[in-house]
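Novice: As a plain string of letters, each chain reads:
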Amino acid sequence: MTDLSNDAAFVEFQRVQKSYDGEILVVKDLNLSMPKGEFLTMLGPSGSGKTTCLMMLAGFETATHGEIMLDGQPINNIPPHKRGIGMVFQNYALFPHMTVAENLSFPLEVRKIGKSDREAKVKRALDMVQMGDFGNRRPAQLSGGQQQRIALARALVFEPELVLMDEPLGALDKQLREHMQFEITRLAHELGITTVYVTHDQTEALTMSDRVAVFDDGRIQQLAPPDQLYEEPENSFVAQFIGENNTLEGTVKSINGNTCIVTLDDGSEIDAMPVNVSRPGERTTVSIRPERVEFNKDRLHSDAHTLKAQVKEFIYMGDVFRFRMSVAGNDDFIVKTRNAPDAVRLKPGEEIEIGWLTQDCRALDA
Amino acid sequence: MRALMLIAPLLVFVLLSFVIPIASMLFRSVENGIVSETLPLTVEALDGWDADGDQLPDEAIYEAFVRDMVVAIEAKKHTRLGSRLNYEETGMSSMFRKSGRALKKLNPDTDGPFKDQLIDIHDGFGELQTWRVIKTHSVEVTNGYFLNAIDMQRTHEGAVSQPEDKQILVKLFIRTMFMSLIITGSCILLAYPISYLLATLPMRVSNLLMILVLLPFWTSLLVRTSAWKVMLQQQGVINDTLVWLGLVSDSARLIIINNQIGTIIAMTHILLPFMILPMYSVMQTIPVTYTRAAKSMGATNWTTFWRIYFPQSIPGIGAGSILVFILSIGYYITPEIVGGTKGVFISNRIAYHISSSLNWGLAAALGTILLGVVLILYWAYDKIVGIDNVKLG
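Respectively, the protein sequence lines represent chains A and B.
Read left to right, the first sequence gives residues 9 to 374 (the numbering used here).
Read left to right, the second sequence gives residues 24 to 416 (the numbering used here).
There could be a bad hint or two in this list.
Stated by the list, open to error - For each label pair, taking beta carbons as the anchor points, the in silico distance ranges come out as:
id: 1; chain 1: A; residue 1: PRO82; chain 2: B; residue 2: ASP405; range: 23 to 33 Å
id: 2; chain 1: A; residue 1: GLY122; chain 2: B; residue 2: LEU277; range: 51 to 61 Å
id: 3; chain 1: A; residue 1: PRO87; chain 2: B; residue 2: SER229; range: 57 to 67 Å
id: 4; chain 1: B; residue 1: ILE399; chain 2: A; residue 2: ARG145; range: 45 to 55 Å
id: 5; chain 1: A; residue 1: ASP225; chain 2: B; residue 2: SER229; range: 36 to 46 Å
id: 6; chain 1: B; residue 1: ASP405; chain 2: A; residue 2: ASP225; range: 35 to 45 Å
id: 7; chain 1: A; residue 1: ILE86; chain 2: B; residue 2: ILE30; range: 52 to 62 Å
id: 8; chain 1: A; residue 1: ILE86; chain 2: B; residue 2: SER243; range: 48 to 58 Å
Said to hold, decoys possible - Some chain B residues flagged as far from chain A (calculated, every beta-carbon gap over 12 Å):
id: 9; residue: ALA46
id: 10; residue: PRO63
id: 11; residue: ARG103
id: 12; residue: PRO136
id: 13; residue: ILE205
id: 14; residue: LEU231
id: 15; residue: VAL236
id: 16; residue: ILE261
id: 17; residue: PRO310
id: 18; residue: VAL311
id: 19; residue: ILE331
id: 20; residue: ILE377
No lab work stands behind these hints: they were computed from the structure.
Ideal Cβ positions, reconstructed from N, Cα and C, are used throughout, including at glycine.
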């Protein structure tokens, strides 16, 4: 899908496989190509192979099969310290026996950069993360957020073209995390660095990335920009994993171009867009976002199928209303509406009819 | 209160088996009541006698001495006094024993004057040195044992060095320190790589290695030391193997037992687990991400080790070194068995004074000095490395 002209690829995985024990493949047939300057996030549940991919790129794991290319060069046989890749670790990995300035100076020292140059670069990197006054502190004297900034500065101080981040914000509280998300993307774009970011937090992935690769079971399930990933999931795993999602199970009755009719297990019929289904009779899981469900009949097509729903619960969340409904045997069907002046507050027990635009309801794999 | 009750048995045990013996040792190293208790009148009378002069004490002192001795002989305490004074002046023990019978017959009230009679009974009573020794050691709290422990003695002229042929203890102290340092050093060199492997290898392999480390640890100390005796002797396994391999000629078999080399080899082996375990537990806590971070920043394997890994493993080295050094300066059995005469430690000397020469005061003084040295080292270590940096687990 991303045939972004192969010669422009800066980082490339070609049919990469990885197995630790020679039997079970942790990474199965990974293909990925990134242009320079892209911010790509590898998102997936734990054990999906995303961290293994990162470690292979950094050189701490070797690919069992396939080739990893960096700037057109195969790097499988290049040791980690010669790859020139900056890295930010989950627990920051700041050296506890060195001061902050010494930590930042370390990558420059091993590159045999002169003392005055080193000091200038360290200072610039510290200023970049607004930690200019902290050079003489020890990592243990800093808060989590400050350590995070130092780790970031240390990964950037030797001006690598590629930076890898392994769940760098996992240990921070929510507010700090949101702030750092913004700072990291700002820096990455300002400096024009190519970034591979690993996380299991989908909000992080959606807000920060140019593109997101959703991992599951050792494969990339979908590789797309955040909006596309959210609105047009290609399979039911991605639909479930990204954002909130309602699913209904049924069988395809008929397909007609961009629409199909699905018979749900309780016999009712709905309109959907065929994504992963090709012929009538196939089992399917249809997926629909809570905010795309409509219960104001005036806004639906006149011939649109509707479903009977019973309100089970009303949750007031400030900016949105959230209803839990029972729809076609699914008791956890969620509907969200914006808290607008004309918004209807349905009461538990009320029976209504709901519907949606055909393109918002995607018939995916079963 | 309940916590106190819970630890009460331990507290009592520690008090009885640790605090009290140490306190009694400290006390014994300066305690010297025997002279003034056995010869109260003599000590009082000697007060006016000038020990630096060349005049023998006068008749009054001899009379006081006879009065004291008659009482002491009655209580059979004069031989103990003899042994005590014998530590300071050889011959005193036999003098007191031999003169005892004759002195018993004297009646202090009627048989005077005594000066010439006493000199008749034993020449020693006519020598200035005898009276000088009694006078200098009549104090109840003495530094005499400590002076002896550092190869000096208490005399009427103050503290002076022992005659050269009796100076062995300082040499022994220095040897103990020096050999303990070598043992600690060789333990560090041998333990570091194995601890590193234990901490970095996969669990299954490292558990196996750990058992190999602990296996000797679980074997009796005596068995291991005796095994070294078998290994190291001139007709032993090591020499036989070297001769068989042709590395050493049959006539030039290595002498590696009953000397310092023997002690160092055997003790390094025996104390090795005490170095490995603390090192291992520290290294285990060094996350792999540190080395990875260093490598990602461009550091070679060696730089990563030397600049990142090694500094963080120092607390382990420190903890192991303190443990091994302190254990080894007080070690007794192994030097005794494989050390011969050249490879023994100060503790062997202490044991000798406790069980053979029965000079408990000197043994206590030696022990106190050893305790002091350990405490000073501990303090110095705390100043330099910081005791909070020592991790045992």
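Novice: Hint by hint, say whether it matches the structure.
Specialist: Status of the hints after comparison with the structure:
1. In this structure the hint that PRO82 (chain A) and ASP405 (chain B) lie 23 to 33 Å apart at CB is violated, the actual value being about 54 Å.
2. At roughly 54 Å, the beta carbons of GLY122 (chain A) and LEU277 (chain B) sit within the given window of 51 to 61 Å.
3. Taken as a hint, the range 57 to 67 Å is violated for the pair PRO87 (chain A) and SER229 (chain B), whose Cβ atoms sit roughly 24 Å apart.
4. The given range of 45 to 55 Å is broken by ILE399 (chain B) and ARG145 (chain A), whose C-beta atoms sit roughly 34 Å from each other.
5. Checked against the hint of 36 to 46 Å, the C-beta distance between ASP225 (chain A) and SER229 (chain B) comes to roughly 31 Å, which is inconsistent with it.
6. Evaluation of the 35 to 45 Å hint for ASP405 (chain B) and ASP225 (chain A) yields a failure: the beta carbon distance comes to about 55 Å.
7. As the Cβ distance of ILE86 (chain A) to ILE30 (chain B) is approximately 60 Å, the hint placing it in 52 to 62 Å holds.
8. For the pair ILE86 (chain A) and SER243 (chain B), the beta carbons lie near 53 Å from each other, so the given range of 48 to 58 Å is met.
9. Here ALA46 (chain B) stays apart from chain A, with its beta-carbon at least about 41 Å from theirs, past the 12 Å limit.
10. Every beta carbon of chain A lies more than 12 Å from that of PRO63 (chain B), the smallest distance being close to 66 Å; the non-interface claim holds.
11. Interface exclusion of ARG103 (chain B) from chain A stands, the closest Cβ pair being 60 Å apart, more than 12 Å.
12. Its beta-carbon lying about 82 Å from the closest one in chain A, PRO136 (chain B) satisfies the requirement of being farther than 12 Å from that chain.
13. Consistency note on ILE205 (chain B): stated as away from chain A, and its beta-carbon is indeed over 12 Å from all of that chain's, at 28 Å minimum.
14. Every C-beta of chain A lies more than 12 Å from that of LEU231 (chain B), the closest at about 19 Å, which supports listing it as non-interface.
15. The beta carbon of VAL236 (chain B) is kept farther than 12 Å from every beta carbon of chain A, the shortest such distance being approximately 27 Å.
16. No beta-carbon of chain A is positioned within 12 Å of the beta-carbon of ILE261 (chain B); the least distance is around 42 Å.
17. Distance to chain A contradicts PRO310 (chain B) as a non-interface residue, since its nearest Cβ pair spans about 7 Å, not more than 12 Å.
18. Its beta-carbon lying about 9 Å from the closest one in chain A, VAL311 (chain B) breaks the requirement of being farther than 12 Å from that chain.
19. Against chain A, the non-interface label of ILE331 (chain B) is violated: not every CB pair exceeds 12 Å, the least being about 6 Å.
20. Taking the minimum C-beta to C-beta distance to chain A, about 46 Å, the non-interface status of ILE377 (chain B) holds against the 12 Å cut.
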